Each structure stands twice: as C-alpha cells, then as structure tokens.
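With the working numbering, the residue at position 70 of the sequence shown is 70, and numbering never jumps.
Simulated from the structure, these hints should not be mistaken for lab results.
Be aware that one or more of the hints could be misleading.
As the list claims (entries may be wrong) - With a straight-line Cα cutoff of 25 Å, these simulated DMTMM-like cross-link-like pairs (lysine to aspartate or glutamate) come out:
#: 1; residue 1: K4; residue 2: D51
#: 2; residue 1: K4; residue 2: D105
#: 3; residue 1: K46; residue 2: D73
#: 4; residue 1: K84; residue 2: D51
#: 5; residue 1: K16; residue 2: D105
#: 6; residue 1: K16; residue 2: D49
#: 7; residue 1: K4; residue 2: D49
#: 8; residue 1: K46; residue 2: D20
#: 9; residue 1: K16; residue 2: D51
#: 10; residue 1: K4; residue 2: D73
#: 11; residue 1: K16; residue 2: D37
#: 12; residue 1: K4; residue 2: D118
#: 13; residue 1: K4; residue 2: D72
#: 14; residue 1: K84; residue 2: D73
#: 15; residue 1: K46; residue 2: D14
#: 16; residue 1: K46; residue 2: E87
#: 17; residue 1: K84; residue 2: D72
#: 18; residue 1: K46; residue 2: D123
#: 19; residue 1: K4; residue 2: E119
Stated by the list, open to error - Cβ pair distances, simulated, as ranges:
#: 20; residue 1: K84; residue 2: S47; range: 31 to 37 Å
#: 21; residue 1: R17; residue 2: D123; range: 29 to 35 Å
#: 22; residue 1: T2; residue 2: G85; range: 17 to 23 Å
#: 23; residue 1: D72; residue 2: A50; range: 19 to 25 Å
#: 24; residue 1: R24; residue 2: P120; range: 18 to 24 Å
#: 25; residue 1: C41; residue 2: L6; range: 18 to 24 Å
#: 26; residue 1: R17; residue 2: N109; range: 32 to 38 Å
#: 27; residue 1: C41; residue 2: G85; range: 31 to 37 Å
Treat the numbers as computed from the prediction; the structure is a model and nothing was measured.
No residue lacks a Cβ here, since even glycine has one placed at the ideal position from N, Cα and C.
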Amino acid sequence: MTLKALVPMVFVTDVKRSVDFYSRALGFRMTGSYMPDGRLCWACLKSGDADLMLSLPEGTVGGGCIYYYYTDDVVGLHAALARKGIETTQPFVTFYGMKEITLRDPDGNVITVGQNTDEPPTDGAERAVDLREHK
1 MTLKALVPMV
11 FVTDVKRSVD
21 FYSRALGFRM
31 TGSYMPDGRL
41 CWACLKSGDA
51 DLMLSLPEGT
61 VGGGCIYYYY
71 TDDVVGLHAA
81 LARKGIETTQ
91 PFVTFYGMKE
101 ITLRDPDGNV
111 ITVGQNTDEP
121 PTDGAERAVD
131 LREHK
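Construct the entire structure; sequences and hints are all you get.
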C-alpha cells in the first residue's frame, strides 16, 4: 500500500463563491464538480501541482477540513490498520467512484483514504458518511 497524494477537502458555506475566490486569488481552475439539483455542492480545483476540494459540510461536524489521501490499495490499507488495532470504517464505494475508508487521528481530525474503482456504490453510500458516528 502506498499513499499517492494528499488533497485537503475544505468545508465552505458557498462552494461557488469559494471556487471564484481560489480561482481569482491563486489561479485554481475547477477540474470536477458535483451539482445535484443544479446547486454546486462539491468542487475539485487544481493550480499547478496543488489540488484542493471544496465541499458543503453536510454530514460532517461543522467547518474545518478532511485530509483526503489517495492510495493504490484501500482494502490492503484497511487490513493493515486493523492488524495495528486502528479503527476505521469498513471499505465502502461512493456514488462518485471511489472506494474509501475513514478514520480519525488522536485529536479527532478526519482522514479519508480513497482509491478509484469501477465497483457499484455501496448501499447507502450516495450520502456523505456521517463522521460524527465514527470514533
């Protein structure tokens, strides 16, 4: 298992406004988006080698951010963490094509690790994982 990249997911109150800010201020461009019912709820931005995700904070604890890592083997990572006694969610497949696990560090910071997949979404994964329930 290798971690490939870290992309912070910052929770904002207005994704469109934040996309506009990061575009004007730091030259980011939008490379992906999620717009249910025509409302921009999530965006992926890129500027040079830097990536950033912006999201509404639904299903999470208030503002802040999630540290989102990409890996080439999320199932292997899940097994390795379990052997070390580190609690995570079970691997699940999101509606946006990622197999993910979520855990918290000792200070409660949320870490999500994902891997691209063609597997169908896990039942109930069409909504964000409620991180308040994960210890």
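Taking the earlier hints as the rules, which of them does this structure contradict? Structure breaks hints 4, 5, 16, 18, 24, 26.
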